[in-house]
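Peer 1: Each chain, letter by letter, is given below.
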Amino acid sequence: MIHQYKLGGYNIVLDVFSGSVHCVDDLAYDAIEMYETNSSDDILDILGNKYSDVSKEDILDTLSDIEELKAEGKLFTKDEYADKAFDFKNRHTQVKALCLHVAHVCNLNCEYCFASQGKYHGEKAIMSLETGKRALDFLVENSQGRTNLEVDFFGGEPLMNFDVVKELVAYGRELEKKHGKVFRFTLTTNGMLIDDDVIEFSNKEMHNVVLSLDGRKDVHDRLRKTYTGQGSYDTIVPKFKEFVKKRGDRGYYVRGTFTHNNIDFTSDILHMADLGFTELSMEPVVCSPDDPYALTDEDFPVLCEQYEKLAFEMLRREKEGKPITFYHYMLDLEGGPCIYKRISGCGSGTEYLAVTPWGELYPCHQFVGDEKYSMGDIWKGVTNTELQNEFKMCNAYAREDCKDCWAKLYCSGGCAANAYHATGSITGIYEYGCRLFKKRIECAIMMKVAQALDEAE
Amino acid sequence: MKRIVTLKTRDMKESVKHGGCGECQTSCQSACKTSCGVANQQCEKCGKKD
Numbered sequence: 000m001i002h003q004y005k006l007g008g009y010n011i012v013l014d015v016f017s018g019s020v021h022c023v024d025d026l027a028y029d030a031i032e033m034y035e036t037n038s039s040d041d042i043l044d045i046l047g048n049k050y051s052d053v054s055k056e057d058i059l060d061t062l063s064d065i066e067e068l069k070a071e072g073k074l075f076t077k078d079e080y081a082d083k084a085f086d087f088k089n090r091h092t093q094v095k096a097l098c099l100h101v102a103h104v105c106n107l108n109c110e111y112c113f114a115s116q117g118k119y120h121g122e123k124a125i126m127s128l129e130t131g132k133r134a135l136d137f138l139v140e141n142s143q144g145r146t147n148l149e150v151d152f153f154g155g156e157p158l159m160n161f162d163v164v165k166e167l168v169a170y171g172r173e174l175e176k177k178h179g180k181v182f183r184f185t186l187t188t189n190g191m192l193i194d195d196d197v198i199e200f201s202n203k204e205m206h207n208v209v210l211s212l213d214g215r216k217d218v219h220d221r222l223r224k225t226y227t228g229q230g231s232y233d234t235i236v237p238k239f240k241e242f243v244k245k246r247g248d249r250g251y252y253v254r255g256t257f258t259h260n261n262i263d264f265t266s267d268i269l270h271m272a273d274l275g276f277t278e279l280s281m282e283p284v285v286c287s288p289d290d291p292y293a294l295t296d297e298d299f300p301v302l303c304e305q306y307e308k309l310a311f312e313m314l315r316r317e318k319e320g321k322p323i324t325f326y327h328y329m330l331d332l333e334g335g336p337c338i339y340k341r342i343s344g345c346g347s348g349t350e351y352l353a354v355t356p357w358g359e360l361y362p363c364h365q366f367v368g369d370e371k372y373s374m375g376d377i378w379k380g381v382t383n384t385e386l387q388n389e390f391k392m393c394n395a396y397a398r399e400d401c402k403d404c405w406a407k408l409y410c411s412g413g414c415a416a417n418a419y420h421a422t423g424s425i426t427g428i429y430e431y432g433c434r435l436f437k438k439r440i441e442c443a444i445m446m447k448v449a450q451a452l453d454e455a456e
Numbered sequence: 000m001k002r003i004v005t006l007k008t009r010d011m012k013e014s015v016k017h018g019g020c021g022e023c024q025t026s027c028q029s030a031c032k033t034s035c036g037v038a039n040q041q042c043e044k045c046g047k048k049d
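As you go down the protein sequences, you meet chains D and P in turn.
Position 145, counted from 1, in the first sequence is what numbering that gives the first Met the number 0 calls 144; the numbers after and before it change by one each time, with no gaps.
Position 22, counted from 1, in the second sequence is what numbering that gives the first Met the number 0 calls 21; the numbers after and before it change by one each time, with no gaps.
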């Protein structure tokens, strides 16, 4: 399968099943487009007429180059994964990552919160140390053969249960030694409770921290408010600056959510950059289409323009020696994921589980609170094996809508939770999200092409 | 090639033979939390080839 597009002055050709990326001129772009459905003679005629300054030999040379790339497995590569897709995902049944809901309570009252202000449509709760320890034991017990284990301290606001977080990290370090594992702890926080203690501890122990900031003050404060209705920007930004300043070269993201209220979200990303943050992420809001801040069809072309604008601005800043990272534009074409990962996706419900403050297991944080998706608990393990199997079989090839999509090996068929919320089925698709995803990947690959050509010059 | 520049990319078909160790990061444990994108994940064994 081939996907061709033009962006930023580049003609880009993706060979989906080999993962190859080509940058071509206009003639080669047309030739590739016609290659499989036209004879050489027809292509010669058509392109000869269209490109009157190009010789017949030149066109034949281009066709020969295309043939060569095809023979090398870099163009028109056939799909050899479809039959293996289900075996791929069946290979591993170990758990390797937990989203640990240490606090179903929050000190902010963000209007758009998918977790309904941290309570996940249930009761407020704090995870006990005992439950947290058992969750880590459960992870070790179910991760046979895996070394790297991931635990994200999530909420609600995890810093509202920081003492337990600290003790769980210490317990995890004990387990590492005992079982030959490596725990990568991460923390996702709204920043309200960050202090010197949190900074020092997290910069020592957290593999990554995710700091929630929506961008410009008015944008951020509009939806991210305290319970008394005060915006949180002025409280958290100085804390985030201090946190990041002391973080050194350890990983972090300043992560925002954009909504219908700020479809010019690139200004928010660049605002984050102007504050001195370089590792940035910005996600489209996940909400009901009826919510006033939901993204609309009319917003879509503007969002695409914004993604393009961001890509061009990032290239410009990179040339100026002031690069920023945008999570969705991070592509490592040579060292990116293998085909197994590309087919099996995020691992929700199989490799990745969410644990509630009560020790209940869910396929991921976005299913927490939906009783239909309760999978078991950390004491008895996964008891809803039917559900587990459903998630195991949910991959890039399980969705009818993805069958002819060029992007399926970049998104693995998309987020199961988004699909479920949009269609009622985890094997459906969230079409709006798909369209945005494809735009982002096109931009990300365009940036790779621009960088590669710059390097070659 | 005169009209085609091919970027260096990981060969997906080759990765069938050597990939699948499962040690890489779970996508949602990083910065997204509300969408799935595996393409920007790093292979634990790469910049190494397979």
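Mixed in with the good hints there might be a few duds.
Capping the alpha-carbon separation at 27 Å, the derived lysine-lysine pairs in DSS-like fashion look like this [to be verified]: (1) P:Lys16 / D:Lys391; (2) D:Lys55 / P:Lys12; (3) D:Lys69 / P:Lys7; (4) P:Lys44 / D:Lys447; (5) D:Lys402 / P:Lys1; (6) D:Lys318 / P:Lys7; (7) P:Lys1 / D:Lys69; (8) D:Lys177 / P:Lys16; (9) D:Lys180 / P:Lys44; (10) D:Lys5 / D:Lys437; (11) D:Lys77 / P:Lys7; (12) P:Lys7 / D:Lys5; (13) P:Lys12 / D:Lys77; (14) P:Lys1 / D:Lys180; (15) P:Lys7 / D:Lys83; (16) P:Lys1 / D:Lys83; (17) D:Lys318 / D:Lys83; (18) D:Lys391 / P:Lys12; (19) P:Lys12 / D:Lys447; (20) P:Lys16 / D:Lys176; (21) P:Lys1 / D:Lys177; (22) D:Lys216 / D:Lys118; (23) D:Lys69 / P:Lys16; (24) D:Lys391 / P:Lys44.
These are calculated hints, taken from the structure and not from any lab test.
Peer 1: Decide, hint by hint, whether the structure agrees.
Peer 2: How the hints compare with the structure:
no.: 1; hint: P:Lys16 / D:Lys391; verdict: 21 Å, holds
no.: 2; hint: D:Lys55 / P:Lys12; verdict: 35 Å, violated
no.: 3; hint: D:Lys69 / P:Lys7; verdict: 16 Å, holds
no.: 4; hint: P:Lys44 / D:Lys447; verdict: 21 Å, holds
no.: 5; hint: D:Lys402 / P:Lys1; verdict: 34 Å, violated
no.: 6; hint: D:Lys318 / P:Lys7; verdict: 21 Å, holds
no.: 7; hint: P:Lys1 / D:Lys69; verdict: 16 Å, holds
no.: 8; hint: D:Lys177 / P:Lys16; verdict: 32 Å, violated
no.: 9; hint: D:Lys180 / P:Lys44; verdict: 17 Å, holds
no.: 10; hint: D:Lys5 / D:Lys437; verdict: 14 Å, holds
no.: 11; hint: D:Lys77 / P:Lys7; verdict: 19 Å, holds
no.: 12; hint: P:Lys7 / D:Lys5; verdict: 20 Å, holds
no.: 13; hint: P:Lys12 / D:Lys77; verdict: 10 Å, holds
no.: 14; hint: P:Lys1 / D:Lys180; verdict: 51 Å, violated
no.: 15; hint: P:Lys7 / D:Lys83; verdict: 26 Å, holds
no.: 16; hint: P:Lys1 / D:Lys83; verdict: 37 Å, violated
no.: 17; hint: D:Lys318 / D:Lys83; verdict: 43 Å, violated
no.: 18; hint: D:Lys391 / P:Lys12; verdict: 22 Å, holds
no.: 19; hint: P:Lys12 / D:Lys447; verdict: 21 Å, holds
no.: 20; hint: P:Lys16 / D:Lys176; verdict: 32 Å, violated
no.: 21; hint: P:Lys1 / D:Lys177; verdict: 58 Å, violated
no.: 22; hint: D:Lys216 / D:Lys118; verdict: 26 Å, holds
no.: 23; hint: D:Lys69 / P:Lys16; verdict: 21 Å, holds
no.: 24; hint: D:Lys391 / P:Lys44; verdict: 24 Å, holds
Hint check: violations occur at hints 2, 5, 8, 14, 16, 17, 20 and 21; the rest are consistent with the structure.
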